[in-house]
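**Q** One letter stands for each residue in the lines below.
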Amino acid sequence: MDSIRNFCIIAHIDHGKSTLADRILELTGVLHTTANAQVLDSMDLERERGITIKAKSVRMPYQSGSGEKYTLNLIDTPGHVDFNYEVSRSLKACEGAILLVDASQGVEAQTIANAYLAIDAGLEIIPVINKIDLPMAMIDECRLQLEDMLGLLTNSALLISAKDGTGVPDLLEAIVSRIPPPRGSSDEPLKCLIFDSYYDSYRGVIPHIRLFSGSLHCGDRIMIKSTSKVFEVDEVGYFLPQITPSDRLVAGEVGYVGATIRKAGDIHVGDTIISPDYVETPAILGFKHSQPMVFCGIYPIDSNDYGKLTTALEKFQLNDSSIVYEKESSAALGHGYRLGFLGMLHMEIALERLKREYEQELISTMPSVVYKVVTTRGEALMLDNPSKFPPTHYIDHIEEPIIRARIIVPNDFVGACMELSESKRGTMVSMENPDTRRALLTYDLPLAEMTTGYYDKLKSVSRGYASMDYDLAGYRSGDLVKVDILVKENQVDALSFVAVRDSAVPRGRALIHKLRKLIPRHLFEITLQAAIGGKIIAREDIAPVRKDVLAKCYGGDITRKRKLLEKQKEGKKRMKMVGSVEVPQEAFMLLLKMEE
Amino acid sequence: MRGLYIHLPFCVKKCSYCDFYSLPARLGSLESYVQAVVHESCRYAGLSFQTLYLGGGTPSLLGARNLRNLVGGIRKSLDLSKLVESTIEVNPESATSELFEAVKEAGFNRVSIGVQSLSDHELQSVGRIHNAAQAIEAIKIARRLGFKSVSVDIIIGLPGQSWSTLRKALETLVGAGVAHISLYCLSLEEGTPLEKSPPEDLPLDDTQAQLFEQARAFLLGCEFAHYEISNFALKGYECLHNLNYWRGGEYVGLGPAAASHLYGRRFRNRADLDAYVERPDGIIEDVEELNARDKASEEAMLRLRLLVEGLDVSELAARFGQDNIEPLTSRLDRMAHDRLLVFDGLRYRLTPSRILTSNPIFAEVLCF
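If you read the sequences in order, they're chains A and R. End of the first sequence sits at 1492 in the numbering used here; the numbers just go up one at a time, nothing left out. End of the second sequence sits at 369 in the numbering used here; the numbers just go up one at a time, nothing left out.
It is worth saying that the hints were derived from the structure and are not from the lab. Since we're looking at a predicted model, the values are computed, not measured. By construction, the Cβ of each residue, glycine as well, lies at the ideal position given by its N, Cα and C atoms. You may find that some hints are simply not true.
Every beta carbon over 10 Å from chain R, so not counted as near; a handful from chain A, in silico [as the list claims (entries may be wrong)]:
(1) 1099
(2) 1258
(3) 1332
(4) 1367
In silico BS3-like pairs for lysine-lysine, Cα to Cα no more than 25 Å straight-line [said to hold, decoys possible]:
(5) 1469/A with 296/R
(6) 1463/A with 296/R
(7) 1465/A with 1384/A
(8) 296/R with 1459/A
(9) 296/R with 1465/A
(10) 1463/A with 197/R
Computed spacing ranges between beta-carbons, pair by pair [stated by the list, open to error]:
(11) 1402/A with 172/R: 50 to 56 Å
(12) 1466/A with 48/R: 35 to 41 Å
(13) 1231/A with 266/R: 42 to 48 Å
(14) 1413/A with 273/R: 37 to 43 Å
(15) 48/R with 1436/A: 55 to 61 Å
(16) 43/R with 1412/A: 56 to 62 Å
(17) 1257/A with 288/R: 31 to 37 Å
(18) 1412/A with 13/R: 41 to 47 Å
(19) 13/R with 1471/A: 41 to 47 Å
(20) 1402/A with 331/R: 48 to 54 Å
(21) 1244/A with 324/R: 49 to 55 Å
(22) 1130/A with 327/R: 55 to 61 Å
(23) 172/R with 1201/A: 54 to 60 Å
Isolated chain R, as found in the complex (with noise of 0.2 Å):
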């Protein structure tokens, strides 16, 4: 299993708690960027690929013929006969029938709406550019036109969100034909104009915990899976490439500060636009390869974040060596024995009251 990401990092509007590598769309700076990427892709010509998720920035500012342009592009040297899914990040703003009928002939098989919110006291606070309307107006389309596989964002902890806010919005989404929920709880990052003044009804951690509880609940009543932290979906609808990254599969990032796992060793762009739209293929940075034993406990991370799938670790010790995840084990026992995780004789899970508090778990699984 093999994933292909490809990073857009234009935005018409910075979101005030974001701090993902996006810059303003230039004029004329689409059509080079897509030249970039298909550049960039060549490093990689002949790898063939499952999944592809086209994510940002705002991907869907690409419009009709730049869509078009790069995946016909990357097609060149890239095998993607084997896609079973494509993915591409839509915000409301931009979710047009014409931009969905674009993606739906370049060959997406799902959409990632970026919702965020059904409150447009919520989204203004924020900074988003789009409102409720235009958000459940992007799902009806995309449904419309045939998307089974319609993904929404959710954020918890939006200033001024209160559960009867997320459970209207939750509602509304399920009620939509929504089959796949991530939902995020909101941190300030450092340097993003949120954290530097945050409003005085921001959501503590507290209430962010609370919400994210009742959500869950909600979600479960309705059929959707908790199979991932961050993560709800209806039966079959789980995101395959997100998944790929959580079991530790390979993947290729194609972009500035787009990241890679391929043949061991995990690397970055940097995120410098300019310089990537001048050498596409020469700005890889913080190339990293684990010892076994290291990156066997990383993928154990990794892999006890999925919920359902949980791990096992004998799928460990056939790659890694038995040697190598011995010391993983007696860690994993010795955690199971506190209760911080659940061990069924096969497989080790997270325990459900330890999902949002989950960091100290994970770094004694990794053993700095």
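Okay, chain A solo, but in the shape it has when bound (with noise of 0.2 Å):
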């Protein structure tokens, strides 16, 4: 167990993370060449957004300067604000930590975030300076900013270009002698972390697992903590990357286990695997909970396809175990799920990888925050659906989650960021400068604010500079309404929404205004109307259709005719009927795309 080594890179996004974890794969002679493809990022979607989504593992020989063998074990995270909770449980799995610092861009919003992460999991922390070899480097600058807001000693900083491999031997010979070894032992009894999962359609639920004590072999019976559910253990392995069945695992190893676990919900990621022997063996215990902040709606095109959503988002959960869903029906439109997310990143990749990997056709509603609403008789409910709200004369006050935003920004764009941030309710709670040409500004702000595009605005009026993360800081009480758009006097509630009241009236009458151009006119007059309580806001309406006939004879090409009928009512089918209109699905949308 010595000779094991259990590590993690953690970066702010684009520092250079899967290039290092390239190199290093490379180094090691796992991986032989490198044609622009990043290993640990097999995702289609991770490489278009250049972002490490889902963690994985990576087993690697090494033999040190001193001619000692070893073997490495990288744990990759993911470096976005939304992903804390699938870093907390990388970390969980580690003994040391590779902090990685761009040296063109500094210490920026997420490394602060994740290496906080990783102090807090008392891991050995290993500050790295890459991309020296850019003429726009500032070596002493990331130092004196690794001091100055972590507290990290820089005088064993290494300087490394993971691009061209330079100080990459040194940064695997730092590895060995600083990082220290696993503890526990493989007489005790088994317990390990399940830190992330994967299904397989032959295999079923392949938990990836990092072993604290005891070991595993092919025949063992293994209990899963929580459900208290029994497994036998069919194979044991580790990944080269690709997957690699062993005879065994043993303490302060990992790899994967593969034991017929059918069902999803039999086991979650953060759970602890123990023996059925010695079913008294605690839980691995300072595993950081997901606490999904942003919810929204998702619902089938085609209502017949609820089941297979269902299935889908099964699967989906073992893959993202971040995700919380329940059963919700809309009005409008149907069965479907309500999903909670981390963020709105977390909710945007989410659904894009449930419709391109898991095939689903979606409608998904706009997101909500969950708010708390206090009732005249003093209740207080935690709603994350605006059309589940009380009526208005039952509702006392609302209050809404506040987040604490970290943004590191140059201090050209500081006069940007915070007339942004105060446009977006933000109250600010500090300004620091971490540096000569960088400040650090602390807010507090309503995380709805999150849910129409403050994020994208933000680097929008930094070009691109500004650096964010943020965690909850509690809730707030708000000078908050609910708004109810009705469709000829049907109210649908997928478009109901939470909004300050002094923005109310012209949020309701921008999509009031929208609306009226995206639904067709039919062939009686409708009638959109936004309303708070039973009080109309805003209102518009759209003309009955006056001509949609087929008049030409086209030379008596009947087919033509009737194909020309046959698309026209196939493009209804894509819409959702409230009452007698048929409304497009891009209306469900709406809200969103309006603040952009």
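Can you join these two chains into the complex? Each is in its own frame, and there are hints to help.
**A** Structure below.
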């Protein structure tokens, strides 16, 4: 066990994590050549967005300069603001972390957030300054920032260029010399952490695990601590990075276990696997549980596909355990699910993956945060869907979640970031200068503002330079009202939204106006209204269509005529019925788009 | 009842709204085209036709000799002895006395003149190469040479068109002795120049609908019957060839892009002039044979376009079997109950107020 080193790389997005991982894999001989391929980012989507979403592990043999042989386990971590939870569970499987900083960018918001998580998890941290080959590299400034902002001793910081490989051999030496080996004994009862999982259609759920004590062999019986379910192990092994079966896994090792786990609900990432012979073995603690902050409804476009959606969600949750979901039904959209996400980017990625990898045709509704609705009777209701709010006259007041955001931005853009944050109802907590050219702004902001494009706007007003990280800071009472949308007197539950009273009227008007352009004319007049309680705050009408007829004869081409009618009818099938009105699916995402 | 349609895919200049299959006429190409059509007609040797319709394109570009060769040529293989109606489409710019003489000589008893509008501004705005005076002259010549059955096409919704220009045109046409008027609403067909850059004064659907309603009222007042969605005629001057389309009858189309309906099958020649001239009987595509139930629905949809005649389901039952029309009948009854159709105990007809919004009704009749 003394020869094992379990470590991860933590970095701000684009600071070179995947490139460094490729170099390490090459140096250890696991990977012979890399033609552009970033091995750990196997999902198309990850490569497209340039971020690592799913944690994975790779086992590598390594012979140190002194001739000793080691086994290195690199556990990948995601690097975006929404994925703290996945970072925390990856960290739990390691003894050390490489904190990677781009020498041309310096410490960014996620560098800080991830470093704190690693420090809290008690990991040995190796500060590494990357991209030293760039002409804009500011090595001394980076050292200062690491010391000032994170309190790290930087005389031990390594200087590397992951791109050309400079310094990477020294980094490997530092990994074996500075990161402690895992503790725990293979003779003690089994205890391992599930830090990830994936679904294989032949073998069922395959958990990725880190053994803290005991050992695992084919034929062993294992128990999932939280559910007490027992399974028989039919395969163990590790990733090289391809899946490689082995005889056994022992304490300190990282790998996978196959045990014909058929149902997604049978295991949860973060759970502990123990031996059914030692049921008293305690669960691994200190695991930060995911807390969904943003919710939206998803509905199959064809309501007959509800069953398929259910299956897809079950499998998807195995891959992304930070997603929560429950059944929901909407008068307008039928049966669907309400999904909870860690943040807006997480939501976008998850919906995109559901569509692409799980081939679901979906309508997703306007994202919402969890509001605390306090009724006149004094009850506090936690509601993640505005359409579930009690009638206005039963509501005493509404509280909304507030986040504390840390924004690092070059001095030139401080004004723009402040202006944006104030306009998004933010209140400044502090402003510091971590170095001479940048400011660290701390703001308290309503989380709801994140759902309407705050992050994208922050990026755009700072020309991409601002970085941000946030965590939940509590609830605050606001002058909030729920706005309902009525289409021909039928309330469309999926279009209700919560707004600050002052902006409710303009937003209601804008939404109604967009709806008028989006909903096709019908044979009858359609009245569109926005209302707060019973009070109408905006109204527009869609005039009835007067002409919808195929006039031409087309030289007797009846087939063409029939096909035109067919096409017209096909278009209608993709609409959702609100009373007698056909509403295009785009309408349900309108509010989101309006903010852009 | 069986009709023969011959497509002449040539135009001097393509109009900006047109998406029909037509090409610029090339020197010498008309002769070889006529030969190709005659060749293709052999495929249907022995079949008898009651109507003939020469459409385009611009059939009047053929000229006297080609016209004679064409009709003479197809007569060798097809039985045209029982023809009751022979129509040729004539564009005003080519409507000379000589042409009408030749048309008459070739046996045509009906002319359909592509008037489109009697406002020079409107005609120019969509790239027509004739003017109002030429159009009026064309009608006069046809009438003078003894054509009783003169039809004209009028477009509703031309750029700059108003009820005053449209009414004036209709008055002039009725006064000139026209017996049949087709009113087509201008539609922006994909890929046409008009669709790509529509002029600012292009009347929108609502205006088109209003103009159509006004024109309809005017023509009804002049003893014209609104016998099909786009067609108005004095009594006895309905277009038998087109009626046959709407009654689900058989027809053969010759020429590229021409559609046929024969022995229960619908099919069409590919829209490819060169391939056609090379192998006139080898470019059939899109063959479609519907089952009895769909066929009955299709015919019901077509017959509901006949606003006066309407749809008698007992005729369909006799041809397609009672079982195959029952679901259709229940849909029709439901629509009659919803007042989309009028049922008089024997026939279903479109409710007049729904003529211009009949697509959803037809889609329901077809029940995809």
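**Q** Each of the hints needs a verdict: does it hold here or not?
**A** Do the hints match the structure? See the list:
{"no.": "1", "hint": "1099", "verdict": "holds, 43 Å"}
{"no.": "2", "hint": "1258", "verdict": "holds, 24 Å"}
{"no.": "3", "hint": "1332", "verdict": "holds, 57 Å"}
{"no.": "4", "hint": "1367", "verdict": "holds, 53 Å"}
{"no.": "5", "hint": "1469/A with 296/R", "verdict": "holds, 23 Å"}
{"no.": "6", "hint": "1463/A with 296/R", "verdict": "holds, 18 Å"}
{"no.": "7", "hint": "1465/A with 1384/A", "verdict": "holds, 22 Å"}
{"no.": "8", "hint": "296/R with 1459/A", "verdict": "holds, 14 Å"}
{"no.": "9", "hint": "296/R with 1465/A", "verdict": "holds, 19 Å"}
{"no.": "10", "hint": "1463/A with 197/R", "verdict": "holds, 22 Å"}
{"no.": "11", "hint": "1402/A with 172/R: 50 to 56 Å", "verdict": "holds, 53 Å"}
{"no.": "12", "hint": "1466/A with 48/R: 35 to 41 Å", "verdict": "holds, 37 Å"}
{"no.": "13", "hint": "1231/A with 266/R: 42 to 48 Å", "verdict": "holds, 44 Å"}
{"no.": "14", "hint": "1413/A with 273/R: 37 to 43 Å", "verdict": "holds, 41 Å"}
{"no.": "15", "hint": "48/R with 1436/A: 55 to 61 Å", "verdict": "holds, 59 Å"}
{"no.": "16", "hint": "43/R with 1412/A: 56 to 62 Å", "verdict": "holds, 59 Å"}
{"no.": "17", "hint": "1257/A with 288/R: 31 to 37 Å", "verdict": "holds, 33 Å"}
{"no.": "18", "hint": "1412/A with 13/R: 41 to 47 Å", "verdict": "holds, 45 Å"}
{"no.": "19", "hint": "13/R with 1471/A: 41 to 47 Å", "verdict": "holds, 44 Å"}
{"no.": "20", "hint": "1402/A with 331/R: 48 to 54 Å", "verdict": "holds, 50 Å"}
{"no.": "21", "hint": "1244/A with 324/R: 49 to 55 Å", "verdict": "holds, 53 Å"}
{"no.": "22", "hint": "1130/A with 327/R: 55 to 61 Å", "verdict": "holds, 58 Å"}
{"no.": "23", "hint": "172/R with 1201/A: 54 to 60 Å", "verdict": "holds, 58 Å"}
Of the numbered hints given earlier, the model fails none.
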